[in-house]
Amino acid sequence: MTTEAHTAQPEYRWRMPADWWARQRHYFLYVVREFTALPLALWLLWLLVEIKRAGDGPGRYAPHGSMPFVVFSVVVLLFALYHSYTFLSLAGTILHFKVFDRPVPSRLIVLSQFGLWAAASVVVGFALIWFAR
Amino acid sequence: MHLFWWFMFAQGGVIAAVLIPVHVLVQGILGPLGIVPVVDRHYDTWVSMLGNPIVKLYLLVLIAFPFFHFAHRLRYLLVDLGLPAAKGVPAQALFYGGAVGVTLVTIWVLLTTIPISLG
Amino acid sequence: MPDKTITIRATRYDPEKDEKPRLQSYDVPFYDESMVVLDALNHIKSHVDGSLSYRWSCRMGICGSCGMMVNGMPKLTCNAFLRDYWPRPIVVEPLNNFPVIRDLVIDMDDFMHKLKSIKPWIIRKQEIPLGAREHRQTNEQIDDFRQFSECINCMLCYAACPVYGLNSEFLGPAATALARRYNLDSRDQGLKERLPVIGGAEGIWECSFVGECSVVCPKGVDPAKAIQQTKLDTTMRFVLPYGNRD
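Line order of the protein sequences matches chains A, B and C.
Position in the first sequence (first residue = 1) + 14 = our numbering.
Position in the second sequence (first residue = 1) + 1237 = our numbering.
Position in the third sequence (first residue = 1) + 648 = our numbering.
Among the hints, a few may not be true.
Stated by the list, open to error - Keeping only pairs whose Cα atoms sit at most 25 angstroms apart, straight-line, the calculated DMTMM-like set for lysine to aspartate or glutamate is: (1) C/K693 - A/E25; (2) C/K668 - A/D115; (3) A/K112 - C/E788; (4) C/K652 - C/D666; (5) A/K112 - C/E817; (6) B/K1324 - C/D792; (7) B/K1324 - C/E817; (8) C/K668 - A/D33; (9) A/K112 - C/D792; (10) B/K1324 - C/D881; (11) C/K764 - A/E25.
To be verified - For the chain B half of the interface with chain A, some residues (derived, Cβ under 8 angstroms), not all of them: (12) F1244; (13) Q1248; (14) A1254; (15) V1284; (16) K1324; (17) Q1329; (18) S1354.
As the list claims (entries may be wrong) - Covered by chain A, per the in silico footprint, the following chain B stretches (three or more residues, Cβ under 8 angstroms): (19) 1255-1264; (20) 1267-1274; (21) 1285-1299; (22) 1302-1311; (23) 1330-1338; (24) 1344-1353.
These are calculated hints, taken from the structure and not from any lab test.
Note that the Cβ used here is the ideal one computed from N, Cα and C, for glycine as well.
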């Protein structure tokens, strides 16, 4: 590769358009994937407030349950599911190990990740409902 | 240092992926709509659950770890959307410092709100 | 049979005359279902306008020189069939994220420097004299890195990578995948020489796993996987007590 030949000549410099992420579907889905962090963070802060409110005492304690809050939670849930789906699927690309000197197929890793998610959801969901009685 | 923050990002991502949806579904939707009884709907059940040290530890993991994931993602997202300053050390201090801050606040809330009880 | 044509809108840019690249339309006869975009470009060059500049060589997906943006997607033009686009026009542009020298020709110097910086050859602490003995390798050991050795340096992954588009200092997909190819090779002992570049300020940590590099790769190399696995391994070397070996 000769550099001398053309470095003297002007070149047309590439500049990334500011809306690059809106121009292609994959890029857009990627930005949505990264953006899930914001709604999830807000919801966890709400949970922290809900814990703090338990300190209000038996008389004044009133759990959050307005309709706007439920709508907010529905939106957050959609983002949360998208995060779980993308993150656990991509984990199959990242995690790699060998059992008996043979690499574990990434499909199996992804499957075990989703299995873990399902199991944890059942256990946590059960605890949240069971101990409410 | 990159390595450490990436490690925390990955950890937090797993915690968020595995645990958050069920909390949002049960505590954010099913509980408020009255479809099922949920612990935080009643003072007594919520307090007795929050007194349990294992629950406190679980809540710390659930709330604090994902914030390292969020901090990392949002910082990179800002870079992607055309803010190269989000790469710099001040931005790192702001975002990761924020995650450390949330961790400390969570510890404080968990320790001061309801005393630990094994009952 | 009536003569079928297809419209090719190709980037023209003459650095001495043009302020910036523009698109020019050409109607090209489409007489054979097996025609590819590169055939159409060759037709333009031979029969319409001999000044159209572009790179190509093998026309069979081996040499990696004919990569261009085809309707906004990085493609090897020898592997982009006209029948998949006809009757709509096809926009052919130089690869995104690189400086343009002329028409469809990009400046690949930056990539060449990056390729060299990760030392893509087998490094031994102590070279064995030629003829003393061979470095033997099992099929399983070859399987460890084989996928990453399929890279043909076509740079489609760089054109697909928004991180590289935003910051041209980023080491990028193909170079990291090739670094991993040698780091995983049982004959190689050069990991420590490559780590400063791979794990440096413009190395793997810049990647935010958009994953488009692996989507556009014509050889199934999966550079995104190479980068994420390198992140994981680098982290594990640090976390595990026995990890900090060669």
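Tested hints:
1. C/K693 - A/E25: Distance ~22 angstroms between C/K693 and A/E25 Cα, so the pair holds.
2. C/K668 - A/D115: violated, 56 angstroms
3. A/K112 - C/E788: holds, 11 angstroms
4. C/K652 - C/D666: Between C/K652 and C/D666 the Cα gap is close to 33 angstroms, so the pair fails against 25 angstroms, i.e. violated.
5. A/K112 - C/E817: Not OK: A/K112 and C/E817 at ~35 angstroms, beyond 25 angstroms, violated.
6. B/K1324 - C/D792: Violated, at about 34 angstroms.
7. B/K1324 - C/E817: holds, 13 angstroms
8. C/K668 - A/D33: Judged against 25 angstroms, a Cα distance of about 20 angstroms means the pair holds.
9. A/K112 - C/D792: holds, 11 angstroms
10. B/K1324 - C/D881: Satisfied, since the Cα-Cα distance of roughly 23 angstroms is no more than 25 angstroms.
11. C/K764 - A/E25: holds, 23 angstroms
12. F1244: violated, 12 angstroms
13. Q1248: With a minimum Cβ separation of about 12 angstroms from chain A (threshold 8 angstroms), the hint on B/Q1248 is violated.
14. A1254: Because about 4 angstroms separates B/A1254 from the closest Cβ in chain A, which is inside the 8 angstroms limit, the hint holds.
15. V1284: holds, 5 angstroms
16. K1324: violated, 15 angstroms
17. Q1329: At 16 angstroms from the nearest chain A Cβ, B/Q1329 fails the 8 angstroms test, so the hint is violated.
18. S1354: Because about 13 angstroms separates B/S1354 from the closest Cβ in chain A, which is outside the 8 angstroms limit, the hint is violated.
19. 1255-1264: holds (count 10)
20. 1267-1274: holds (count 5)
21. 1285-1299: That given contact holds, which follows from 5 residues of the region 1285-1299 of chain B lying within Cβ reach (below 8 angstroms) of chain A.
22. 1302-1311: holds (count 6)
23. 1330-1338: violated (count 0)
24. 1344-1353: With 5 residues closer than 8 angstroms to chain A, the region 1344-1353 of chain B meets the three-residue bar; holds.
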